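Going line by line, the protein sequences match chains A and B. Per the numbering used here, the first sequence starts with residue 1, numbered consecutively. Per the numbering used here, the second sequence starts with residue 1, numbered consecutively.
Simulated from the structure, these hints should not be mistaken for laboratory data. Quick caveat: nothing in here was measured; it's all calculated off a predicted structure. Even glycine gets a Cβ: it sits at the ideal position worked out from N, Cα and C. Just so you know, not all the hints are guaranteed correct.
Claimed, not checked - If you want a taste of the chain B side facing chain A, the calculated C-beta under 10 Å gives, among others:
#1 T191
#2 I194
#3 R198
#4 L200
#5 P204
#6 R210
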Amino acid sequence: MDTKNLLEIRNLNVDFKTPRGRVHALREVSFNAPKGKIVGIVGESGSGKSTVIWAMTQLLAGNGVVEGGEIYFNGKNVLDFSEDELRAFRGEEASIVFQDPMTSQIPVLSYSQQMSDIAYRQRNKSFREKIEHSKQIMRKVGIPDTEQRVYQYPHQFSGGMRQRAGIAMALLMNPLMLIGDEPTTALDVTMEAQIIHLLRSLQEELKSTVMIVSHNLGLIAELCDEVVVMYAGEVVEQGGIRQIFHNAKHPYTQALLECDPARVSNRARFLPTIPGDLPDLHIRPNGCVFAPRCKYALQRCEQDRPETYVIEGTHNTKCHLLDSSRDQFGTSSTIERQVSKTETYDSSLKNIIDFEKPPILNVENLNVRFEIMGPLQALLRRNRKRFVDAVLDVSLHLRQGETLGLVGESGSGKTTLGRAILGLVPSSRGSVEFDGRLLTDLSESVLRNLRQDMAMMFQDPIGSLSPRKTVGALIAEPFSLHRKDKKNLEEEARKLCDMVNLPHSFLNRYPHELSGGQARRVGVARALALEPKLIIADEPTAGLDVSVQGEVLNLMRDLQARRKLSYLIVTHNLPVIRHICDRLAIMYLGRIVEQGNGEMIFQKPAHPYTEALVHGVPQPDPDKRRNLVSIEGEVPSLTNRPSGCEFHNRCKYVQEKCKTLMPQEKVLPDGRTVQCHFPLIN
Amino acid sequence: MSEIASNKALESAKKDQGIKGHMSESREKLSLFLNNRLGMFGLMLVVLFFVSAIFAPYFATHDPFLMNIPQRMSGPTLEHWAGTDQLGRDTYSRVIYGGRVALKVAAIGVSISLFVGLLLGMLAGYGPRWLDNFLLLIFDSIRSFPTIVLALAAVALLGPSLELVLAVVIVTSIPGYARLARTSTLALKNTEFILAERSLGAHPAIIMWRHIMPNVIGPLLILAAMDVPVVVTIEAGLSFLGLGVLPPTASWGTILNEGYLVIRDTPWPIIAGGIPLVLTTLGFTFLGEALRDVFDPRLRKGK
């Protein structure tokens, strides 16, 4: 073992025992984590990147078995540790920051208790000393007022603060290695930037070794020194951050980087994807594990397992194409493949926005107000507000064939607005006009009938499908609900399957047997079954891998062009929305703060909040690291709106006027509307 | 947390399994059930209970009403396997026929209260707030009466009968099912798939019947299996007190009641009436617990 490496994993194999045989989740995984470096493990779901962490900390699920290999940590093999040694190892030598601070912290214990529990092995320290130490660490991770806050409970912390507390807890025992398992995935872009910044400055200060596991290429590029790329349980390529991001050799790494919408700098009609699915890991692959999806696959790739080829220093990859004795690229031995779906989309089919007709959707001053306590309760607690305004005076319109993106952080009211437009959430004031009819006046039963023309796609692809119904029944359901004649339901279901590129064999499956992308396609099929005019899509790419995101968006665009659909896309994911939206509306605390042409907003944001969002997205390029956190603080609570301009307490450009006076909506020369006293462009 | 790792691996492995994946899951449940010894024992007892009650004439050795005064209160003999009672009737045959009463009360009582409870529970959970409050008020009022006291009051008013026992059983066990159904419905009400159905324009009745019911019914069926012994003992208890099934109809409760009167002369009627009660109770309890273990994945993990 090399002394400059803190962690060395050698030929690690992990199996999971399932009723249907063994899943070979990790196969011959080897990589190093050099001392004082930040190592990123990047891969899509099912790549085994988390399994590496669980194997390393010996916290695999009950059915997981390490089938060989060594994990040297600081010179000792972790796999030989006894239970006692493991307890000392976990948390004190290597500790983990979890993805979701909401579920990884104990809700019934205050941070002081949780943190002194973590330090349980320091018997010589008194409780008071432990608390003092906890406060110190909490200050270090940027939690204000630690004197009081250390005695608070997780629910009293906001999302970003909770993740900071999670980092504080991981750092408490001064571990040799800090492991982040998707540390920013549950956070908003603006919070993500802050956490990235924090992790980087902490690492510089403590000189500790950090391992980040993530699917987010932007995060990896911003943070890491070394990268390990995993696919289907194998390490396919590893090396320095620039070697991977600028000089990737493995076709999978190249494809993955290409797919990231943040990397596609020009607005593209169709996004690149990686066609195909993950291989079934019940069977050990004979050849290269990526061969079935690889564009360059040779005959040999499907038969022989590739060796590790060293490219330069620590940069190495497992790919036959790099074998010096191989034929050159593009020789006749390349396996003929079906043309990928992306290429079958007819890019000549242009989407035409119909400017002649009046807008299909017209929302005027819509308000959604939720009651948070009953009248009696409000009487008893007089100083509290009885209502919360989730959506405030929102006006927008959407033309036929147009795509409008509704962007904002969590809590901005964007999802509520989408649901209120469809009447799924009652609106308190304002009007929604759809296709010439005033929806806000209609009764529930008339509205039910009208739902044929407007459909919604929900955030959770699998969770939005009724779990006890087959895909066939789910797809045919719109017909059985709205059509008089119930014949040919199966045939209709098959037609829809074809439309969304779903094999017919899926019709008998249940939602939990689908992958995220497949379930999303079922959702698209259901939404489109009755040929609606308007589709409201709530986070259509949430929970999907980058390689699949593109596939879903391409499908949506293709169908839009064919059927003149209008989309209202609700999302927090700016890089994705950039490629598909004609216009953008930015929401903050229930108001639209900026609205206008998408590309113009991206090039030159007018509202400081928009600017913060646009610049908040980490770029998948290690040369474009940001040194500044573009926005401080967090979204205020809806029950406690700031005075004046509601953004003033987070705004970089704040002036006295902003603190007292609410800005009116202004129309800028380029046609955008913005709610700001001092727009960033004139 | 470590679960996530294995789940991810599982999920990726699940792809392209199609309906096979689903089949193997139910097969997995079946094998789990078959390996549960207490559950299998319970199932055997339950089957015995059903078969002996339905085919009572084939199991009985005598006419349960035939009196034979000279041979009254005899112990077990080859002729009378469990002895005779104070009127010389064959206790074994009366126990077998008594099973019919128990089965009738259990089957009718549990199925009606399950169905009504499910319906009311879903209505309370999915319907408007005022309906929920109103139904909850009724459920709680019923629950606040001890079953036996309620039964006593009803009998005092209407006189003892099997139908009355049934009615009391149904009314008092509805709230249990309804509350369970309501809680599950409330949890489902705001899930995305229910919202998705609403956005498709599905009628609330369709949503409740097609999408909520299949997800709610599982725990209710298990509760029902575990409720059968309760219902059987309520019937036996009321009949024992002389408030349920009237003599000369044979029921386990009346057998116990009559045996109690002659306990100084012969213990056999009490023993013969008690054993099936104990076995049925055990059988349904074991079966219910085994079912719960199979269907509730949270309880399965530890094993």
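Each hint tested on the structure:
A distance limit of 10 Å between C-beta atoms decides the matter here; for T191 of chain B the minimum to chain A is near 7 Å, and the interface restraint holds. Interface hint at I194 of chain B: satisfied, since its Cβ lies 8 Å from the closest Cβ of chain A, which is below the 10 Å cut-off. The beta carbon of R198 of chain B is positioned within 10 Å of a beta carbon in chain A (closest approach about 6 Å), and the interface hint is therefore held. Because the beta carbon of L200 of chain B sits about 5 Å from the nearest beta carbon in chain A, less than 10 Å, this interface hint is met.
Taking 10 Å as the C-beta cut-off, the interface hint given for P204 of chain B holds, the closest approach to chain A being about 9 Å. Here the hint on R210 of chain B is kept, as its CB sits about 8 Å from the closest CB of chain A, short of 10 Å.
Consistency note: the structure conflicts with none of the earlier hints.
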